[in-house]
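Given the coordinates of chain F, assemble chains U, H, B and W with the ligands onto it according to the supplied hints.
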Amino acid sequence: MRRFLYVAGLPVLLLLGWFVLSSGSENFYAPPLRDILRAFVDTWTPERLRADVLPSLVRLFAGYVLAALLGVALGVAIGLNRRLRATVEPVLEFFRAIPPPVLVPVIMLFAGIGDGMKVIVIVFGCVWPILLNTVEGVRAVDGVQLDTAKAYGVRGAARIRTVILPSASPQIAAGLRQALSIAIILMVISEMFAASNGLGFTIVQFQRSFAIPEMWSGIILLGLLGFALSLLFRLAEGRALRWYHGLRDAQRRS
Amino acid sequence: MLEVQGLRKVYSSGGREVEALRDLTFTVENGDLVCLVGPSGCGKTTLLRCIAGLLQQTGGTVTLDGHQVSGPPPGLAMVFQEYGRSLFPWMSVRDNVSLPLKQKRVPRQRRDELVDKALAAVGLAGTESAYPWQLSGGMQQRVAIARAVAYEPSTLLMDEPFAAVDAQTRADLEDLVRSLWQRLNVTVLFITHDIDEAVYLGRRVIMLSSSPTVVQDEITVDLPAERDQLHTRADPRFTELRTHVYEQIQKAKRLSR
Amino acid sequence: MLEVQGLRKVYSSGGREVEALRDLTFTVENGDLVCLVGPSGCGKTTLLRCIAGLLQQTGGTVTLDGHQVSGPPPGLAMVFQEYGRSLFPWMSVRDNVSLPLKQKRVPRQRRDELVDKALAAVGLAGTESAYPWQLSGGMQQRVAIARAVAYEPSTLLMDEPFAAVDAQTRADLEDLVRSLWQRLNVTVLFITHDIDEAVYLGRRVIMLSSSPTVVQDEITVDLPAERDQLHTRADPRFTELRTHVYEQIQKAKRLSR
Amino acid sequence: MSSRSRGTALLGLAGLGGLLLVIELLPRLGLVDDAYLPPTSEIAAALADELGTAAFWQAVGDTLTGWAIGLLIAVAAGVVVGIVVGAVPVLRAATASTIEFLRPIPSVALIPLAVLLYGTDLGSVLLLVVYASFWQVLVQVLYGVADVDPIADETARSFRFSGWARVRHVLWPTALPYVFTGIRLAASVALVLAVTAELVIGAPGLGKLIAVAQTSGAVPDMYALIAVTGLLGVAINLAARVFERRSLSWHQSVRGEVPA
Amino acid sequence: SGDGGGGTDSNGVDQVKVGVIPIVDVAPIYLGQQKGFFSNRKINLTMESGQGGAAIVPGVVSGQFQFGFSNFTSLLIAQTKDVPIKAVSAGVSSVGEQGKDFGGVVVNANSPIKTAADLAGKKISVNTLKNIGDTTVRESVRKAGGDPSKINFVEMPFPNAPAALAGGQVDASWLVEPQLSEAKAAGARLVASNFVDAAPNLSVAAYFTSTKLQGEDADLVKRFTEAINESLAYADAHPDEVRAVLGTYTKIDEKTRAAMILPKWPAEINEASVQTLADLGAKDGIFDGKTPDLAKLLP
Ligand SMILES: Nc1ncnc2c1ncn2[C@@H]1O[C@H](COP(=O)(O)OP(=O)(O)OP(=O)(O)O)[C@@H](O)[C@H]1O
Ligand SMILES: Nc1ncnc2c1ncn2[C@@H]1O[C@H](COP(=O)(O)OP(=O)(O)OP(=O)(O)O)[C@@H](O)[C@H]1O
Ligand SMILES: [Mg+2]
Ligand SMILES: [Mg+2]
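Protein chains in written order, with our numbering: chain F, 221 to 474; chain U, 543 to 799; chain H, 543 to 799; chain B, 3 to 262; chain W, 79 to 377.
Hints are computed from structural coordinates only; laboratory data are not their basis. Keep in mind that the hints are not guaranteed to be accurate.
Straight line, CA to CA, 27 Å or less: simulated DSSO-like cross-link-like pairs of lysine-lysine [as the list claims (entries may be wrong)]: (1) Lys-300/W - Lys-342/W; (2) Lys-793/H - Lys-659/U; (3) Lys-262/W - Lys-201/W; (4) Lys-659/H - Lys-793/U; (5) Lys-361/W - Lys-228/W; (6) Lys-300/W - Lys-290/W.
This is chain F alone, in the form it adopts within the complex (with noise of 0.2 Å):
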């Protein structure tokens, strides 16, 4: 009961300021909540769902995925390789500080306009923090933890399993969390280019036809997705990093 009021209380109480507060707009651009509502309920229907919100689900999770694989392995080999650090780190800032709408049509040109363009968009824009996380997370090891594990022997990929992964997992669960709505974005993004259906698609065709209520109610949609992804992102990250949260809490008062 608690929890759930921690969970409601205050986007209830944003949402109950929101539809007051524009209860009497007259501004095209920013209708009441209720025509908002509304359309929401019109608008994303079962076979709306499937249609259009079903294969962006598909290519943000093939693109997460892809992304948490890729920056975390590149991530490990970068952190614990001073030189490999140095060579690639400008390169890769560099491609970090390009925006992806202008990056898109140079991916087009490799991989094409169908759905591997889009993922590549997204594991492109979503990798940075998982990469950026892991680097960090790799190099802030405790230096006793390494000692103990070089000095038995503990070498290669059973150390980056056992000793690395977990130590730097807390802050790699930093970097997956922020590359989760990162994906969600680059998602809308990706379909802003060749593409004919997908959640961001229909945004976009909604704004560009102003059908004003829809596209809120779109925009709506994609917070309520990131949402649900961040409450199942949780779920996971409180049972692969148990032992962290523990060890956090254990002097707290119990």
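Coordinates of chains U, H, B and W with the ligands only, in the frame set by chain F:
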């Protein structure tokens, strides 16, 4: 055989230069049990890390069985002074102890056996599934010891391994180390602050001077190989030896002032 | 006056339930120096944390000067068993020691004086600008001690504060604690595994049973108030007392088996 | 030390050089059509032309202004909100769902709103930049605050540090490495958003130049401008790294004694 | 006048912001500015360039911009959604000659697609879906006897389309200048002039303002309309000056500027052709079943 030749180590980080070890030379025969004593901050941990190949020395050499040490040699186990930080908080006690064995590709069954035995030997049977941070300081230290013991190393380096346990447990653990040493013919290097412990445990005791560190003195403990807590400590020769060591350390500290 | 009444603490984390303290009752007069001894893992650290108001007990009460303890009371200083982790790695030794004083709004000059004196007293003059991780284990522990000493607390809680220092330094630090106690009339609660130390230092020694923990026994150390390392330890009464304590602890351990 | 950092710089240059070489070779070897991805040399020539124009420098200035102001606001807000929310469990619990809801809303979806409020003024760019980069900092700070070592925190509590002192002396240094990662993430997200906003809304800056080059089919110019964006990113990261090394000299990731 | 960026200074000169897309179509307004057609009428013009309607229409509605430039299909869609805007003048028109228009559908030289009818069932790129591009291309196919319902349109910005076409990612591309010339130079072949197929002398785009400004400052709107009409006429008569002014706000290189086909800029909106666009849009279902009310939109 372990040979330390003119070992020197200077730490330089952030403008601060500390000569932790100036010039250390000594040898340890295979299967020997050597205790190292010396004032706090004299470089004992530094020495152990160099021997384990975890730290690059500034000068001199460390050779083990004729090979120059550049990384941790196989069959080496180490109990770190920072026992708390040397346990992996994301693994249960059992996993912490068995991880090195897994690395050594000890078959599963034998592994479980070794782990159970080692944990029982340090008085921790029943805590296998706990995480290290659910244990008291002394218990954590004993997990670290159990890990080293279960590994059945050929060289065992221990850095103040009994600092956090009570007197009774300490006595038990001393006997555990001696029995392990006798049973497996391990080469043991043991750092302690407790002079009685050094004399009780060691076949030799090496005394280090305070910083900048050299070997101050060295004795062979000519007590019988079969020792026990009651009789050995009552032996007049024991008292003689411990007084000698005590005086040397006093001298080392005085010199440095 | 510190009163511990029926204190009980059960840890429950991740399905594991451990009754660390079962039922502890004792009192400590203001200005008393009490040593706590007990087997490893019996709950000494847990007890100290409850007294410091850092841990919520499961049952019973802790009162200090009539007020129930719910958070760290003013004028309290604590030396943690995990000395390494209780120092802030991002601060120099000097800053680590002086930060609590700053919090107490001690004027700058007085602060510097206290810090210098405390560092000198633990034998660390000259390391002010080093970071904790540039120091040896024993040195780190002494920084933590210096921090507590410089604070001039009215209640001082120490959890195995000398575990990582050599015998000679340990003797010096013991005398430091006694002189601080006499000079400032501090209430000291001191956890140690070294029975000689407990008897040498304390005005009283409280012995805890092993887990689940109750007070096993308690003695008043009727040695003269003026103690020194040579004569006090040679005193036959000293030997008597330490033997008593030793036996009690032996008994505590045996009972638990 | 200095020779080591020189080595680092050389390796970094080698990495960038490798990238340039690849881009030179791809079209030269006919792997891609040079009408769509021109070789490095042509991009460099276009870049040289651009460097000579005042409009270019004006645009760089505009972009950097939007970036810097936006980043500053985002970092300040992210750090303050992150610490307050992270340190007060009740707040954390109460805001978690709202934060998760707002975070994945793409800045691009806010473009109409931005234009509505600010037209093509700096305000539009700032709105998008701040919105996007704020979350980057916030999430990092939240994780950083959660990473405080319980013993360190207990030490502070036992000495009765005030709330502020605990934040200042324990929470903040622990969270600092996370904050730096957050700032580095935010810095490039801010740059990306500043350029994107200019690109789509048409606020003055590099993005607008890119848009013009793009619609005009001036491919080498477009890549030259994109390269400038990337190089800005590299420069920003370099500055952040130097700053980080200074502030985190005590941290494991920086101090790491060279092992054997 | 307007509340956002606009305003009138002490000399009675109005500050006017116009949201445009920096392409060939809006050359007249730049030219007119150069020639002083606006300052003559006490209008100080600032061009704000955005990428497409996403930024321009809200800007005009909220008064951040006083005027904007948009294609008619978008304006018709806006009208069916009751967006408070109104066209004030013509913007740009098709050349009206088969094969010589400034926009068209191209395929690769070796493509099996020979006529518009062959486009049925193929993948065609347009810059925005459900807009003027796909409705008019469908009409081309329809007129050539193909089945327009089978076309698979994908959305792709004009600048990226030639690469996608050359790379075989799409079968055909609907392009406008300068990409059209560029693609043709690279060997692409024109198979349909969709604007011409849709209607004779099709009015493609218009300048528009918000109904609010129309009501509050009719004088400004009138002056702007006069100035833009003069500009359109001037541009239509002076193609060389148009090609020159293109160099000031785009990066189209000189060769392309010289070679590319310029659109027509008649001062009058061809209302019949706008009606055709509305009919085509209705046929393709882009108005959600509503019928645009031309009277409300056109000046
Ligand atoms: N990482 C480091 N950077 C700089 N100086 C260091 C570092 N580690 C140790 N030192 C210095 O080297 C000297 C020896 O340290 P070491 O840890 O070897 O001492 P020790 O003999 O193990 O002491 P203790 O008994 O207190 O553990 C000390 O003066 C210490 O300050
Ligand atoms: N965070 C925790 N979660 C669960 N159990 C804990 C936790 N901390 C301590 N314990 C358990 O409580 C008991 C007492 O621990 P405590 O640290 O108080 O012992 P101690 O007397 O200080 O031992 P030592 O002398 O070894 O430091 C132990 O059995 C330990 O396993
Ligand atoms: Mg040491
Ligand atoms: Mg303890």
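Checked against the structure, which of the hints given earlier come out wrong? none
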